[in-house]
Amino acid sequence: MTTLTINGQQKTLDVPPDMPLLWALRDILGLTGTKYGCGVGVCGACTVLVDNSTAARSCLTTVAEMEGKSITTIEGLSTDNSHPLQKAWIELGVPQCGYCQAGQIMNATALLIKTPKPTDEDINLWMKDDICRCGTYQRIRAAIHQAAGQ
Amino acid sequence: MESISEDHDSSRRSFLLGMAATGALAFSTFSNATGELMIPEPSVSFEPNTWVKIDPDGTTTITVAKSEMGQGVRTSLAMIIAEEMDADWSKVKVRQARPDTGNGGLFTGGSGSVIWSYDMLRKAGATVKAMLISAAAKKWNVAESNCMASSGVISEKNGSRKILYGELTDDAAKISVPSNPSLKSTGDFKLIGTPKPHIDNPDVVSGKAKYGLDVRIPGMKFAVMVRMPAYGASISSFDATETLKLPGILKAENVQGVGLVVLADNTYAALKGREALKIEWNMGSNATLNSAKISEQMKSGIGTVADVPASSAKKIEAHYELPYLAHATMEVMNCVADIRQSSAEIWCPTQVGDDIRNAVANVTGLSANSITVNTTLLGGGFGRRLNTDYASIAARISKAFKVPVLFMFSRQDDMRGDAYRPASYHICKGGLDSTGKVTGWVHKTVNGEASNPPYQIQSPNSNSTSVGLPIPTGAWRSVGHTSSIFVNECFIDELAVAAGKDPFEFRHNLLPNGKLKTVLEKVAELAEWTKPLPKGWGRGIACTDAYSAIAHVVEVSVSNAGILKVERIVAVVDCGIAINPMGVEAQIQGASVDALSTALKSEITIENGGVKQSTFRDFEWLRMNEMPKVEVHIIPSTASPNGMGEAGFPSVSPALCNAIFNATGIRVRTLPIQKTSLAAVDDPEINNNIGEINVFPSPFTSFFKVEGQLNTASSGEVLISIQNLLGSTLLETSAPFTNNGKFSQEINFSPASAGVYFLTVKSGSALIMRKIVKE
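Sequence lines, in order, name chains F and W. Residues 1 to 150 (my numbering) make up the first sequence, in order. Residues 1 to 775 (my numbering) make up the second sequence, in order.
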């Protein structure tokens with residue numbers, strides 16, 4: 001049994017301790033906003049925020065490692081799309097198919113926590129491991145700047 | 001915007017009950033997103049056709065019959081209806097058609113959705129508006145000509161009365177449906193031509209949007225299958241003992257028509273269970289097939305290639321080779337199937353809802369009309385979801401195990417179980433007279449496409465042949481144009497250079513007046529074609545009218561070491577009237593990423609009879625730090641719209657290769673480009689005063705050793721990194737100095753794809769860079 005906090009709510013998970021957080025979120029808790037892309041940490045679609053500070057690839061993070069931690073998924077970023085990144089994503093029309101965008105937004109959330117006013121170079125380096133197969137990078141970059149108030 | 005699963009439920013409610021009750025009270029019994037029955041509520045909805053439903057609160061639900069895979073079709077098609085009916089866009093919701101909802105064929109491909117739907121949807125919208133105007137005129141007892149519609153409101157032209165669409169649903173339902181409503185003139189468009197973010201974006205950014213993998217139905221289990229390691233391989237025996245001991249495993253057995261399947265309570269258990277299977281393989285007859293042999297087969301299979309006229313003053317010949325490409329959609333292939341005794345329901349991210357229904361009927365023996373197919377959002381399509389394999393498999397598993405299942409490919413399954421863009425080989429021949437005029441054009445291909453170029457060239461000779469290979473191929477964004485236009489636009493550039501002409505002028509002189517010539521002129525102007533560039537920089541141009549008339553200029557810089565930077569891309573398109581310019585721009589920017597990724601880095605190769613690549617580590621995609629600025633200019637037009645899903649792809653890669661030639665004098669004719677060294681000199685960053693390094697073996701396949709000595713450092717450690725063609729760092733490690741600045745380190749670079757890379761060794765201010773080649 002693992003106890004952790006997901007989007008502000010305490011949850012107890014009765015799953016094998018080596019189960020990646022990704023599958024616990026999607027298949028056990030029904031939080032399907034966090035996406036499966038590669039399962040080996042190279043695409044970024046499954047990114048979540050841990051302890052409101054760092055981004056983690058939930059496909060490589062086991063449930064056991066998250067004992068006592070606080071996880072924020074895309075569903076917990078706001079209740080009404082009011083987070084500055086969500087607003088910017090909508091206004092600038094970032095998503096195409098949209099499948100990778102939860103991961104993009106969660107990683108961008110971690111970036112803005114660490115670097116509230118990122119430069120293009122900061123964004124390029126921070127976001128370079130998040131693949132968008134539709135190729136929305138240009139608008140992602142613009143949306144991060146907009147959310148940062150730049 | 002409600003989430004897509006609710007859309008399905010509301011669409012079912014409307015179609016099952018609303019359709020029968022069209023023009024009358026519609027009592028709705030429906031389930032919510034989790035399938036829970038809700039209490040019937042009386043409502044008066046106006047639903048004059050299968051495309052539009054207006055509720056009393058003004059909510060306007062528009063049916064979209066094409067699949068949303070990122071091309072923005074749920075937005076653009078809804079905009080066409082909303083335009084003609086003068087709907088309030090903020091009150092528009094979209095529901096997804098099913099094969100049985102009377103909205104025509106669901107096939108989504110060939111960049112045809114807007115082209116095929118435009119007239120029909122305009123009429124559907126105009127019908128609704130005409131009926132609302134009739135209803136208002138009757139209510140107010142005035143002439144219809146005295147009523148006008150705007151943004152969800154009918155108002156009296158010569159009076160002050162106004163009424164909302166939602167307040168007219170009951171009255172409008174009593175009006176007979178007009179057969180020939182008048183359409184707007186394009187000059188009166190208010191919505192079409194304005195930039196609109198995708199209508200599903202609020203659901204996407206909140207995590208509510210439902211893709212195929214997100215479908216959850218009561219009792220659903222999770223299934224994966226064992227894929228063959230080589231084409232034609234089979235399982236000679238297997239042992240599932242260890243698998244069946246694992247938690248969450250329900251079954252591990254053969255399913256007819258599928259092969260070995262693992263069924264589990266969750267995805268992780270299914271994947272772990274599959275890993276634990278002990279399988280003996282019969283590798284089959286293709287076990288020694290590899291990419292080198294395929295290349296040889298294509299080259300020897302090209303047969304006779306025609307010649308250009310013997311009288312040509314100058315003859316040139318060039319050979320091009322393109323690799324297999326995977327679709328690699330972000331969402332892997334999957335399908336939820338609930339096969340019951342005499343009916344079935346399917347949830348599937350697919351481009352072909354009708355074909356899915358037929359495929360499921362075929363493998364289950366059920367009649368097509370007993371099968372309900374729900375198209376979810378697609379996490380990318382690019383042509384892969386024109387196939388139905390994933391749905392047939394899901395249906396067979398659900399039928400065999402008598403449970404609803406979510407069947408999915410893992411990323412590796414997906415990359416190795418694709419229907420690939422074919423690998424192809426091309427020979428081009430061209431002739432020029434003494435003035436540089438083209439005297440002949442020959443393009444022959446094996447397994448690719450060769451179409452005539454759009455230029456005024458006498459008797460162009462384009463033809464194709466094929467050699468049989470066991471690798472399945474399929475439609476991949478812009479399909480045959482991925483090879484045909486790449487080759488044509490590279491070769492016309494080679495002819496221009498051979499003729500001593502500017503590549504833009506050369507094309508321009510050969511094009512008849514029309515859209516293509518106009519976009520070519522415009523792109524040259526916006527990209528400042530004639531403006532001098534610094535040393536090491538270059539520009540390339542290419543154009544095509546395959547889908548919409550489009551032209552690209554790509555600007556690159558190449559360092560002495562051979563590191564490439566795509567500095568800028570300018571695109572000009574004439575796609576007829578741009579329904580949603582924001583969507584057109586997105587398609588062109590996105591197609592640029594597709595084209596740069598596949599031109600520069602990614603390829604599918606065959607090894608031991610199967611696909612070698614397994615994930616985005618060895619099938620690499622362009623990254624944020626490699627993304628150039630893509631400037632898009634849309635030529636204003638009121639002509640009927642063309643499709644934009646594929647138009648943005650074909651001319652980018654040739655413009656890129658032409659730019660590399662312009663910058664370096666190196667003609668890249670084999671993709672991906674990273675297999676060719678663009679270095680002006682071999683080891684440009686080595687300064688013997690700093691030290692020296694040795695790399696061996698060279699070239700290498702997986703591992704190599706780097707050892708050497710840095711004269712300026714004797715303590716601490718040396719930082720070792722590997723950069724790709726674009727200068728992005730792919731690997732970083734360090735090694736301690738042993739003595740006198742000496743170091744030695746073995747490096748595992750096995751996951752990366754074949755190509756030219758750069759090894760950087762650094763300590764303090766000392767830096768040595770060396771080109772390395774991975775085979």
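Source of the hints: derived by calculation from the structure; they are not laboratory data. Keep in mind that a hint or two might mislead.
Stated by the list, open to error - Here are the simulated EDC-like pairs of lysine to aspartate or glutamate, each with C-alpha atoms no more than 16 Å apart in a straight line:
#1 W/Lys762 x W/Glu732
#2 W/Lys629 x F/Asp51
#3 W/Lys429 x W/Glu321
#4 W/Lys184 x W/Asp119
#5 W/Lys278 x W/Asp239
#6 W/Lys565 x F/Asp51
#7 W/Lys629 x F/Asp120
#8 F/Lys69 x F/Glu91
#9 W/Lys531 x W/Glu494
Here is how each hint holds up against the structure:
1. W/Lys762 x W/Glu732: 11 Å, holds
2. W/Lys629 x F/Asp51: 35 Å, violated
3. W/Lys429 x W/Glu321: With Cα atoms ~15 Å apart, lysine 429 of chain W and glutamate 321 of chain W stay inside 16 Å; holds.
4. W/Lys184 x W/Asp119: Within the cut-off at roughly 11 Å; holds.
5. W/Lys278 x W/Asp239: The hint holds at about 5 Å.
6. W/Lys565 x F/Asp51: 37 Å, violated
7. W/Lys629 x F/Asp120: 12 Å, holds
8. F/Lys69 x F/Glu91: Roughly 33 Å between the alpha carbons, so the hint for lysine 69 of chain F and glutamate 91 of chain F is violated.
9. W/Lys531 x W/Glu494: 21 Å, violated
Violated hints, in rising order: 2, 6, 8 and 9; the structure is consistent with all others.
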